[in-house]
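So you can see what is in the structure, the chains are spelled out below.
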Amino acid sequence: MSYIAPKDYAADPEIVAKILRTVSGQLELDWMKRVGEPAAFRPSEPTRGLTLDDINQGGYGPDKLPEVIRHNFSMAPRGALLPPGLPSLGYRVNRKSDVWADVAPSLFEEAKSRRWAPARDVPWSALDPTPHGDQHELALRQLATSLISIGLVSCDVAASWEWRMNQEFHEIKYLLCAQMFDAARIAEAFRKRALYGGGSLGVDSRPLGELLKSIFLSDTYPEASAAMNLLLFSWVQALGRHWAATASNRADVYLGTQLAQDATRFVTYGVDHVRSHLHSRPLQAEALADHLDMCENALVGALGAAEMIEPLVLVSGGFEPAAAFYARTADEYFRRCDAAGLGDRRDGSALTSFLGMLEGDSR
Amino acid sequence: MAVRFPSLDFFKALQKRTIDDKARFEKLGYCDTSFGVRIGDDLYAISFEVYECTGVRKATDTSDLDFVLEAPVELWREMVASILENKGADAAHSLNTLSHVGDRMKLVSHDAEGNDKFYRFMASLQEFFDQAHHLEVTL
Numbered sequence: 001m002s003y004i005a006p007k008d009y010a011a012d013p014e015i016v017a018k019i020l021r022t023v024s025g026q027l028e029l030d031w032m033k034r035v036g037e038p039a040a041f042r043p044s045e046p047t048r049g050l051t052l053d054d055i056n057q058g059g060y061g062p063d064k065l066p067e068v069i070r071h072n073f074s075m076a077p078r079g080a081l082l083p084p085g086l087p088s089l090g091y092r093v094n095r096k097s098d099v100w101a102d103v104a105p106s107l108f109e110e111a112k113s114r115r116w117a118p119a120r121d122v123p124w125s126a127l128d129p130t131p132h133g134d135q136h137e138l139a140l141r142q143l144a145t146s147l148i149s150i151g152l153v154s155c156d157v158a159a160s161w162e163w164r165m166n167q168e169f170h171e172i173k174y175l176l177c178a179q180m181f182d183a184a185r186i187a188e189a190f191r192k193r194a195l196y197g198g199g200s201l202g203v204d205s206r207p208l209g210e211l212l213k214s215i216f217l218s219d220t221y222p223e224a225s226a227a228m229n230l231l232l233f234s235w236v237q238a239l240g241r242h243w244a245a246t247a248s249n250r251a252d253v254y255l256g257t258q259l260a261q262d263a264t265r266f267v268t269y270g271v272d273h274v275r276s277h278l279h280s281r282p283l284q285a286e287a288l289a290d291h292l293d294m295c296e297n298a299l300v301g302a303l304g305a306a307e308m309i310e311p312l313v314l315v316s317g318g319f320e321p322a323a324a325f326y327a328r329t330a331d332e333y334f335r336r337c338d339a340a341g342l343g344d345r346r347d348g349s350a351l352t353s354f355l356g357m358l359e360g361d362s363r
Numbered sequence: 364m365a366v367r368f369p370s371l372d373f374f375k376a377l378q379k380r381t382i383d384d385k386a387r388f389e390k391l392g393y394c395d396t397s398f399g400v401r402i403g404d405d406l407y408a409i410s411f412e413v414y415e416c417t418g419v420r421k422a423t424d425t426s427d428l429d430f431v432l433e434a435p436v437e438l439w440r441e442m443v444a445s446i447l448e449n450k451g452a453d454a455a456h457s458l459n460t461l462s463h464v465g466d467r468m469k470l471v472s473h474d475a476e477g478n479d480k481f482y483r484f485m486a487s488l489q490e491f492f493d494q495a496h497h498l499e500v501t502l
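From first to last, the protein sequence lines are chains A and B.
The first sequence begins at 1 in the numbering used here and counts up one residue at a time.
The second sequence begins at 364 in the numbering used here and counts up one residue at a time.
It is possible that some hints are incorrect.
As the list claims (entries may be wrong) - Okay, derived cross-link-like pairs now, EDC-like style, lysine to aspartate or glutamate, Cα gap no bigger than 20 Å in a straight line:
| hint | chain 1 | residue 1 | chain 2 | residue 2 |
| --- | --- | --- | --- | --- |
| 1 | A | LYS112 | B | GLU412 |
| 2 | B | LYS379 | B | ASP395 |
| 3 | B | LYS450 | B | ASP466 |
| 4 | A | LYS213 | A | ASP272 |
| 5 | B | LYS375 | B | ASP404 |
| 6 | A | LYS64 | A | GLU37 |
| 7 | B | LYS421 | B | ASP405 |
| 8 | A | LYS18 | A | ASP8 |
| 9 | B | LYS375 | B | ASP395 |
| 10 | A | LYS112 | B | GLU389 |
| 11 | B | LYS385 | A | ASP121 |
| 12 | B | LYS390 | A | GLU45 |
| 13 | B | LYS450 | B | GLU490 |
| 14 | B | LYS469 | A | ASP331 |
| 15 | B | LYS375 | B | GLU412 |
| 16 | A | LYS112 | B | ASP395 |
| 17 | A | LYS64 | A | ASP53 |
| 18 | B | LYS390 | A | ASP121 |
| 19 | A | LYS192 | A | ASP272 |
| 20 | B | LYS385 | B | GLU490 |
| 21 | B | LYS385 | A | GLU45 |
| 22 | A | LYS96 | A | ASP272 |
| 23 | B | LYS450 | A | ASP121 |
| 24 | A | LYS192 | A | ASP121 |
| 25 | A | LYS112 | B | GLU415 |
| 26 | A | LYS7 | A | ASP53 |
| 27 | B | LYS421 | B | GLU433 |
| 28 | A | LYS33 | A | GLU45 |
| 29 | B | LYS450 | B | ASP405 |
| 30 | B | LYS379 | B | GLU412 |
What the hints assert, rightly or not - What follows is a set of in silico ranges between Cβ atoms, one per label pair, in the way DEER data are often shown:
| hint | chain 1 | residue 1 | chain 2 | residue 2 | range |
| --- | --- | --- | --- | --- | --- |
| 31 | A | ALA39 | B | ALA386 | 28 to 36 Å |
| 32 | A | PRO282 | B | ALA365 | 57 to 65 Å |
| 33 | B | LEU502 | A | ALA285 | 20 to 28 Å |
What the hints assert, rightly or not - With the C-beta cut set under 7 Å, the calculated list includes, among others, these residues of chain B facing chain A:
| hint | residue |
| --- | --- |
| 34 | TYR393 |
| 35 | SER397 |
| 36 | ASP405 |
| 37 | VAL413 |
| 38 | ALA454 |
| 39 | THR460 |
| 40 | VAL464 |
Quick caveat, the hints were computed from the structure, so don't treat them as lab data.
Every residue, glycine too, gets a C-beta built ideally from N, C-alpha and C.
So that you can see chain A by itself, here it is in the shape it has in the complex (with noise of 0.2 Å):
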């Protein structure tokens, strides 16, 4: 059932009273006795503009936020005037340490100061006609049917969590709101890139979507960030790189080039989350092991998967570089778990074993 308000405001005699003294020029004006604190912020770097940095200093900053969140439940932004009675809007995630990270306000501008827009920014006529075989082509179309699918649950993932997320932690908030953007534009990117001309979808990939599962139904929200940003956009990431490497075309540059850089800021922010998470909380550790041990063999069957290696393969030009490409992927994944306090995930990792059948097999 819908949410019913309290009461019935267009009957309340108090309320319509109230409305009529308004109506006939009688303001009380309390609200303008009662401002928050005072703030005089400018931009600190005039070719930047006013940041969010910029702006969050004393009260209205998040260096003062308590680490659980017991004083607004509701849709007040941090910083304003709470009045008795404010609905609550059930936030379950409260807590500052399960969502923070230093970064996430600069990615956040970052984010819309590096923005591009597919239907005009990509020279798409490059295609016309693409210099590659028809066999290359049909694996670029695989490989982007997949970027369409992780685009679209990335999306899936940042909205299901920034709803839950309490408002004093607008930072983030927006930050998840940027990367439902960024996510979409890949799944729309690709999209286009897939069917331009005559172009045609590929197979979707049962395993890709296993994964992309066990992200979406994370149990809490360091789980699904470590999941999403640092282990499953480390691979968006390095799949933009190598598809602006193996590129025949510019339109092929652009795209690979623009999705490694939006994929990054999502790595960006795993990596500071993640840290900032286990500094606060290091017992938390044992959980984001455990889920990310989940993630990785899910990803395993992904990287295996025909749909996704084959064509790796052909846009590769051979399977040595596709698994040289695995590998320095992983290695870069790996490096970023440190980075964030997880240690040294290699040993142990279904992803090790897995580099170490590739290996195998290219020997």
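Place chain B on chain A using the hints.
Just chain B, lined up with the frame of chain A:
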């Protein structure tokens, strides 16, 4: 006036291009990083803030740099030659391709986040080098 590659003058000329072609760098967005370019034995430190290159210098220490791109002189020359010929690096000679699998150009950093600064700002950094096609360069 011709500038020699590699040289500090070359990078100073590129720095000026980020102001002369301000609109192009603004379109690419914020770029905040200090990174190194190691050409043979020579290290150049390059700083970007907001949209523009704010400093280039010869350096010896990499501790304050997010990452360093390292390659032999010949490879850097090959890249700049491609930029001059094609008015921008072709796919085979972009910073991304050269530093991707195969490691013809090494991406070196003190930590994972340093590496990621390269990936985050790749288009701006490529544009910085691509601006060389507006210069008279002696290779």
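So which of the earlier hints does this model not fit? Of the numbered hints, 3, 4, 19, 26, 28, 29, 33, 35, 36 do not hold.
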